[in-house]
Amino acid sequence: MSAEAAMTATRKNIPPVQQGEVMSGAEILLRCLILEETEYIFGYPGGAVLPVYDSLYQNHLNHILPRHEQGAIHAADGYARATGKPGVVFATSGPGATNLVTGIATAHMDSVPLVIFTGNVKQQLIGTDAFQEANITGITMPITKHNYFVRDVKDLARVVKEAFTIATTGRPGPVLVDIPKDVNEAKTEFHYPEKVDLRGYNPTIEPNYLQMERLKDAVKAARKPVILAGGGVVSSGAEKELLAFAEKTQIPVITTFMGISGFPRRHPLCLSMPGMHGNYAANQAILNCDLLIGIGARFDDRITMGRTREFAPNARIVHIDIDPAEIAKNVETMIPIVGDVKHVLMRALDKVEKGDTEEWVRQVSEWREQHPYTYQNRDDVLKPQRVIEILNETTRGDAIVTTDVGQHQMWVAQYYEFQHSRSLISSGGLGTMGFGFPAAIGAQLAHPDKLVISVSGDGGFQMTMQELALVKELNLPLKIVIINNKCLGMVRQWQEIFYDNRYSQIDLSCAPDFVKLAEAFGIKGMRAVSPDEAEKVWKEAMEHDGPALIDFVVEPEENVYPMVAPGSTLDQMVMGDDNK
Amino acid sequence: MTERHTISILVNDQPGVLARVANLFGQRGFNIESITVGQSEEEGLSRMIIVTSGNEQTVQQVMKQLHKLIDVIKVQQLSAFPMVARELVLIKVEATPQNRTEISGIVEPFRASIVDVGPQSLMIQATGDSEKVDALIQLLKPYGIKQLCRTGVTAMTRGAITAKV
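Note that the protein sequences, when read in sequence, are chains A and B. Numbered according to my numbering, the first sequence spans residues 1 to 580. Numbered according to my numbering, the second sequence spans residues 1 to 165.
It is worth saying that the hints were derived from the structure and are not from the lab. Be aware that a few hints might be false.
Here are the simulated BS3-like pairs of lysine-lysine, each with C-alpha atoms no more than 25 Å apart in a straight line [unchecked claim]:
1. A:Lys-195 - A:Lys-154
2. A:Lys-161 - B:Lys-146
3. A:Lys-472 - A:Lys-536
4. A:Lys-195 - B:Lys-68
5. B:Lys-146 - A:Lys-329
6. B:Lys-92 - A:Lys-161
7. A:Lys-539 - A:Lys-516
8. A:Lys-329 - B:Lys-64
9. A:Lys-85 - B:Lys-74
10. A:Lys-329 - B:Lys-68
11. A:Lys-354 - A:Lys-216
12. A:Lys-354 - A:Lys-240
13. B:Lys-92 - A:Lys-195
14. A:Lys-472 - A:Lys-516
Just so you know, these numbers come straight off a predicted model, no measurement behind them.
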């Protein structure tokens, strides 16, 4: 479609704009967002972005107003993870911009496409420590894929186009555009470029032919191959191709935490998550395989345990990734394949033949049957794992589940049997507390008809719980689950195991009554303290038409198992403690 | 094994590019021994020459990360090829009318020149590879070096190998 036609064709009721029409920077910005088919802007106004919010007043864009900028950026992140489309964020200068920093780093670590627009003070005041001035491009340089400071309104449309292109292509990531107030006020002719011209940016999509031949030979020759599928499978939309590849070659699939939703959990070839709190079968497969095919995974220290030389000691490693810098970063690679995971798998599907893997598949299946994730269930106290099981049983792995970081996150990864790509939304790389709940708001906006469950600990929930107001305002049918152990569970677990039970600053027993808190925001609140109650209350929550918060009060001393201590190798798994 | 590496980076001539590049080195714990930035053969592009030390694997990783920067057009490890590396030094050395001749005797074989004469000092300008500059500095030290400025290395590969895009 020509840019001319795109001026009006994307939405109804949009006043037409001609290429070359004179308008302010703020109006240009909003017009660009319409052309980029932005569904929602997650933002918070302030002094330096007043021109933008004034233009927004009569514009046809949906703006979501969370109660904190951190809520805005996590919600945009949740929207982006749930859809694959870029999340769009507005914030003002200074504190508005700095409040985004955790969210930007979260998105950067997990390669989530965000386009963030911050206002800044007028250029004549830049560098004078003006009121609400912060050098946000300097601050976010290491945590964005790229960022811009716009000096001239004539550059604005081009910069916005480039920002969307960079955020969404290649390895996705957050891009920040900082616009000083005078640029948003200045007027110029509007020309939206159809294409970007970025000489230093040219992601490799199609794989190298010779390396693909080597992959084919390696697959054919392997007797004990395994796939390590990461977040790249999800972000490139390659879940169908992965399934076809695994089935054709009969290679078992391990999914990293970020890759969990990229392969159906109940599939016979699925070995679920490896690493620190991973599955026995997954870790054994890594230890014993003769070929390991990493697909859009980055071999991070929660999987290699930092012992990269001992990782997959008997295997040749194939690494498929769109980012050449990931290859050989952490582990030595025999066959490097740079390219978009979806494209690489499509090419591979035509080529590969099944090797002789029957004995190996039988072996890993046996490991999986013999050592499932387990815990000691009890009738008198509510075990956190049981809560996740209830969620799983009642939704059959069909819901979109968001989490924070910590014990509850690992239990979700272990006990929720994800069936669909993009359905686990969690801060894997940065491990951000307070992420899950606002991210669930973004996911629910993206998929109004799907069941979205926000699972948080009582600690993380208290970091961003003010967004209950937003849930009420939008009347989102979100189910807000709190795994309430009245403490910082994962910190407690590490202090128990590695610091000789010296529990330091983990007690959160002085918390609000979450049921009353929900009610104070006009949201239905419920509580369960026993397994029976948990089932009953959850059923009620599911049947409730509208948002509901459920406070599951669980056994506080429960630990996440299996566990491999940092610095150990994957064969040194602690399977559980039997004394509880 | 830690080795010295000379890396050439062709970048967009934009504000903030130096910070982006320097940031990457800092993040990986790489010390930049010297950095020179200036015009390149193409308008709108600058060339940076960075001398750093680190093991080969880490240097490869830094180069890949550099390549990911949108403003970076081309990255090349010059020290992997035959190259010419040069720097310029200005040295202000203590000198009395009595030993000026002696000092010019030292300067001459280095094809360095005296660019300023003060009542108690001489300013010497020399260009060459880092070893030559080091040697000159050593020889001038006994006279008393009041001030020393080295530009850092700029470099190019020899003959047909170019870092053009």
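Hint by hint, here is what the structure shows:
With a C-alpha separation of about 16 Å, the suggested pairing of Lys-195 (chain A) with Lys-154 (chain A) holds against the 25 Å cut-off. Restraint check for Lys-161 (chain A) and Lys-146 (chain B): the C-alpha separation of about 54 Å exceeds 25 Å, so the hint is violated. About 24 Å separates the Cα atoms of Lys-472 (chain A) and Lys-536 (chain A), which keeps this hinted pair within 25 Å; it holds. Between Lys-195 (chain A) and Lys-68 (chain B) the alpha-carbon distance is near 20 Å, which keeps this suggested pair within the 25 Å criterion.
Restraint check: the Cα-Cα separation between Lys-146 (chain B) and Lys-329 (chain A) comes to about 45 Å, which exceeds 25 Å; the hinted pair is violated. Note on Lys-92 (chain B) and Lys-161 (chain A): the hinted pairing is violated, with a Cα-Cα distance of about 53 Å set against a maximum of 25 Å. Simply put, Lys-539 (chain A) and Lys-516 (chain A) have alpha-carbon atoms about 20 Å apart, close enough for the 25 Å limit, and the pair holds. This hinted pair checks out: Lys-329 (chain A) and Lys-64 (chain B) have alpha carbons roughly 10 Å apart, not beyond 25 Å.
At most 25 Å may separate the alpha-carbon atoms for a hinted pair to count; Lys-85 (chain A) and Lys-74 (chain B) exceed this at roughly 30 Å. Restraint check for Lys-329 (chain A) and Lys-68 (chain B): satisfied, since their Cα atoms lie roughly 14 Å apart, inside the 25 Å limit. For the hint pairing Lys-354 (chain A) with Lys-216 (chain A), the CA-to-CA distance comes to about 9 Å; that is within 25 Å, so the pair holds. Distance hint between Lys-354 (chain A) and Lys-240 (chain A) is fulfilled; the C-alpha atoms sit about 18 Å from each other, no more than 25 Å.
With a C-alpha separation of about 55 Å, the suggested pair Lys-92 (chain B) and Lys-195 (chain A) falls outside the 25 Å cut-off, and the hint is violated. Simply put, Lys-472 (chain A) and Lys-516 (chain A) have alpha-carbon atoms about 14 Å apart, close enough for the 25 Å limit, and the pair holds.
Hints 2, 5, 6, 9 and 13, counting from the list given before, are not met by this structure.
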